[in-house]
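2 protein chains.
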Amino acid sequence: MAVQSLTLDVRGMSCSHCVNAIERALKEIGGVKSVDVDLKGGKVTVSYNDVELDKVKHAIEDAGYEVV
Amino acid sequence: MAVQSLTLDVRGMSCSHCVNAIERALKEIGGVKSVDVDLKGGKVTVSYNDVELDKVKHAIEDAGYEVV
Numbered sequence: 090m091a092v093q094s095l096t097l098d099v100r101g102m103s104c105s106h107c108v109n110a111i112e113r114a115l116k117e118i119g120g121v122k123s124v125d126v127d128l129k130g131g132k133v134t135v136s137y138n139d140v141e142l143d144k145v146k147h148a149i150e151d152a153g154y155e156v157v
Numbered sequence: 090m091a092v093q094s095l096t097l098d099v100r101g102m103s104c105s106h107c108v109n110a111i112e113r114a115l116k117e118i119g120g121v122k123s124v125d126v127d128l129k130g131g132k133v134t135v136s137y138n139d140v141e142l143d144k145v146k147h148a149i150e151d152a153g154y155e156v157v
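Protein chains in written order, with this note's numbering: chain A, 90 to 157; chain B, 90 to 157.
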């Protein structure tokens, strides 16, 4: 399974309550693996299962090439 | 719609026939937007719709924050 990790800029987070709210909201999504909130920097890093990337890799492999 | 762009290392590409085969295989996938094959470097760059990233963004927004 392809796991994708991305950092998003998020506005409106001001305290630990916000951090908890973001973490709770994201962990409710099935494909989300981990959440890291940087309150000071206004950034949320999330890793999640990327189904489309899986399809891309399988298409390349099915065509006879190797994704390394 | 969140569009994701990624470069993969791919082994086994040796000629323009390979480039065409890779491009054809990837363009058959519904969510794939563009494909760029670097034959010499052994790299394939693909941009595609990332449904899971969309869910992540919507969850943050639904919790009352803004993804910028």
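Just so you know, the hints here were simulated from the structure itself, not pulled from any lab data. Positions of the beta carbon are idealized from the N, C-alpha and C atoms, including for glycine. Heads up, a few of these hints could be off.
[As the list claims (entries may be wrong)] Okay, the calculated bits of chain B under chain A, using three or more residues with CB under 8 Å as the criterion: (1) 99-113; (2) 116-127.
[To be verified] Under the rule of at most 25 Å between Cα atoms (straight-line distance), these lysine-lysine pairs were calculated in the PhoX-like manner: (3) K144(A) / K146(B); (4) K132(A) / K144(B); (5) K129(B) / K144(A); (6) K122(A) / K116(B).
[As the list claims (entries may be wrong)] Going by beta-carbon spacing under 10 Å, a handful of chain B positions derived as facing chain A: (7) L95; (8) Y137; (9) K144; (10) V145; (11) I149; (12) D151; (13) A152; (14) Y154; (15) E155; (16) V156; (17) V157.
Here is how each hint holds up against the structure:
1. 99-113: Per the Cβ count (8), the hint holds.
2. 116-127: holds (count 4)
3. K144(A) / K146(B): holds, 22 Å
4. K132(A) / K144(B): Between K132(A) and K144(B) the Cα gap is close to 17 Å, so the pair holds against 25 Å.
5. K129(B) / K144(A): With a Cα-Cα distance of about 24 Å, the restraint between K129(B) and K144(A) holds, given a limit of 25 Å.
6. K122(A) / K116(B): Roughly 29 Å separates the two Cα atoms, so the pair is violated.
7. L95: holds, 7 Å
8. Y137: holds, 5 Å
9. K144: Given a least distance of 5 Å, the restraint on K144(B) holds.
10. V145: For V145(B), the interface hint holds, since the closest Cβ of chain A sits about 5 Å away, which is under 10 Å.
11. I149: Because about 6 Å separates I149(B) from the closest Cβ in chain A, which is inside the 10 Å limit, the hint holds.
12. D151: holds, 7 Å
13. A152: Because about 4 Å separates A152(B) from the closest Cβ in chain A, which is inside the 10 Å limit, the hint holds.
14. Y154: Where the cut-off is 10 Å and the nearest Cβ of chain A is about 4 Å from Y154(B), the hint holds.
15. E155: Holds - the Cβ of E155(B) comes within 10 Å of chain A, reaching about 4 Å at its closest.
16. V156: Because about 5 Å separates V156(B) from the closest Cβ in chain A, which is inside the 10 Å limit, the hint holds.
17. V157: OK, holds: V157(B) within 10 Å of chain A, min 5 Å.
Violation of the numbered hints given earlier is confined to hint 6; every other hint is satisfied by the structure.
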